[in-house]
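Could you put together the complete structure from these sequences and hints?
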Amino acid sequence: MTEVPKIRLTDVRKSFGAKKVLDGITLDVAKAESVVIIGGSGTGKSVLLKCILGILLADSGAIEVDGENVTHLRAAQREAANKKFGMLFQGGALFDSLPVWENVAFGLIQGEHMNRKDAKHRAIETLAKVGLTADVAELSPSELSGGMQKRVGLARAIAGAPEIVFFDEPTTGLDPIMGDVINDLIVSCVRNQGITALSITHDMASAKKIGDRIAMLYQGKLIWIGDAKSVDASDNEYVDQFVHGRAEGPIKMQVRR
Amino acid sequence: MNFLATIGAVVLAFFGHLGRLTIFTATAVSHCVRPPFYPRHILRQMIDIGYYSLPVVGLTAIFSGMVLALQSYTGFARFSAESAIANVVVISLTRELGPVLAGLMVAGRIGASMAAEIGTMRVTEQIDALTTLSTNPFKYLVAPRLIAGLLMLPVLVLVADIIGVFGGYMVAVYKLDFNAGIYLSNTISFLEPLDVISGLVKASAFGFIIALMGCYSGYHSKGGAQGVGAATTNAVVSSSILILTVNYVITELFFGT
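Quick note, the sequences are listed as chains E and R, same order. The first sequence begins at 1 in our numbering and counts up one residue at a time. The second sequence begins at 1001 in our numbering and counts up one residue at a time.
I should point out that these hints are in silico values taken from the structure, not numbers from a laboratory. Ideal placement from N, C-alpha and C gives every residue a C-beta, glycine not left out. Careful, some of the hints might be misleading.
To be verified - One-sided and incomplete, this derived list gives chain E residues near chain R with beta-carbon spacing under 8 Å:
hint, residue
1, I55
2, K83
3, F85
4, M87
5, A93
6, F106
7, G111
Here is the structure:
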């Protein structure tokens, strides 16, 4: 008997007005697998993650998590279903009215009703996992550098021991060294804790490092899915152009001269 | 044809807006009466709306009471009806000026601040982050503000009524040489419980409107800084117009013939 995929997307479609953003996405992500979706800006990568999380509703198709259809859940069911997820947002999306530790412990206090003392202890432990010391815990997010904000965002994403974590552009806006530090943290968090990961990025070095498989989204469709190691020899001219960052090729940018 | 299309687009946009506001209001109210509640957040909002608005509302009330006494005197003295000044001041303040001026001042201070805070949370994905942390944004952000607005505006208006009457008393006694005892006696004997109750009912309605429009405008803000700025303007303008409209409706219900 084959194992039920952790996430299964079947013919998922989403449009905004006349613009088709997701045009029949079908993808399986196995348990403890790390899949990276690459694609240009505005191709619908973030929309796909938001549809899975229920922040946006898919127009049609089915989204299953552990075999359960979560495409159109009611608010209370959605809150329960989202306990399986953690997410690292592109800009961190840290709550600037709360100190760092409360950001990390937010899901524990609000979602799991853990008392504040224990939640703070767990937050400091989780901050240590992403290389941040306890003195950072009392700071406000605005007092942190971009790299530290990403680490706090990562700590918040994994603090509740989620089964699935989404990474939205985890290395965007960071210098190459800090980007690689974040990649290493993601790999260690995902591998050590057996987390299923779905990431979206433009950064090919990051995609190859954190992904087991890579899928390319273009014009609302997944045009290529393959092993992360084989992305450089994909035999797909679209993937080839994207991976090598060439202006010339089948992907035409809308530039007005 | 273009003219008709423009009118059609405006009408459609208006009804779309009205529909969204109705759904938002129904969802928000339903979350106000269903657990879990966030007492710490409700208390924080009550302090923000009530305590920190006290100086601005108090100043508005005292000068309104003073001007009212002065203007009434210049008008009533022509008919030797100076004894009615205490009556005019207390009735005008408790029925109309107290709730309306407090409502408009709080709309400028708190409505704008709510729209800016929630709008910034929207554009920086903090509201999406709440959803991923199994926290309903309506329960966490909107319901505490609505409850606090509903409860604190009447308290503010009650204080404004007292300060406003005191302002009128100061002008009448120290500038216009009225007898202090007679002025106070006139104030108390003319005042009916319904005058105060109608003002407090208005205040509750205004508090609800201010919080609702602040949250709604912020929640639906788009883009970046410009979108948040537009949300702030919308919150203040729409809540001010609604306050004046609802003021007439409540006055008609209480005192209409």
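For each hint, the structure was consulted:
For I55/E, the shortest C-beta to C-beta distance to chain R is roughly 5 Å, which falls under 8 Å, so the interface hint holds. Among the interface hints, the one on K83/E holds; its C-beta lies about 5 Å from the nearest C-beta in chain R, closer than the 8 Å criterion. About 6 Å separates the beta-carbon of F85/E from the nearest beta-carbon of chain R, less than 8 Å, and the hint is met. Among the interface hints, the one on M87/E holds; its C-beta lies about 4 Å from the nearest C-beta in chain R, closer than the 8 Å criterion.
Interface hint at A93/E: satisfied, since its Cβ lies 4 Å from the closest Cβ of chain R, which is below the 8 Å cut-off. A hinted interface residue such as F106/E counts as satisfied when its beta carbon comes closer than 8 Å to some beta carbon of chain R; here the least separation is about 5 Å, so the hint holds. With 8 Å as the threshold, the beta carbon of G111/E comes within range of chain R, its nearest partner Cβ sitting at about 4 Å, so the hint holds.
Going through the hint list in order, the structure satisfies each hint without exception.
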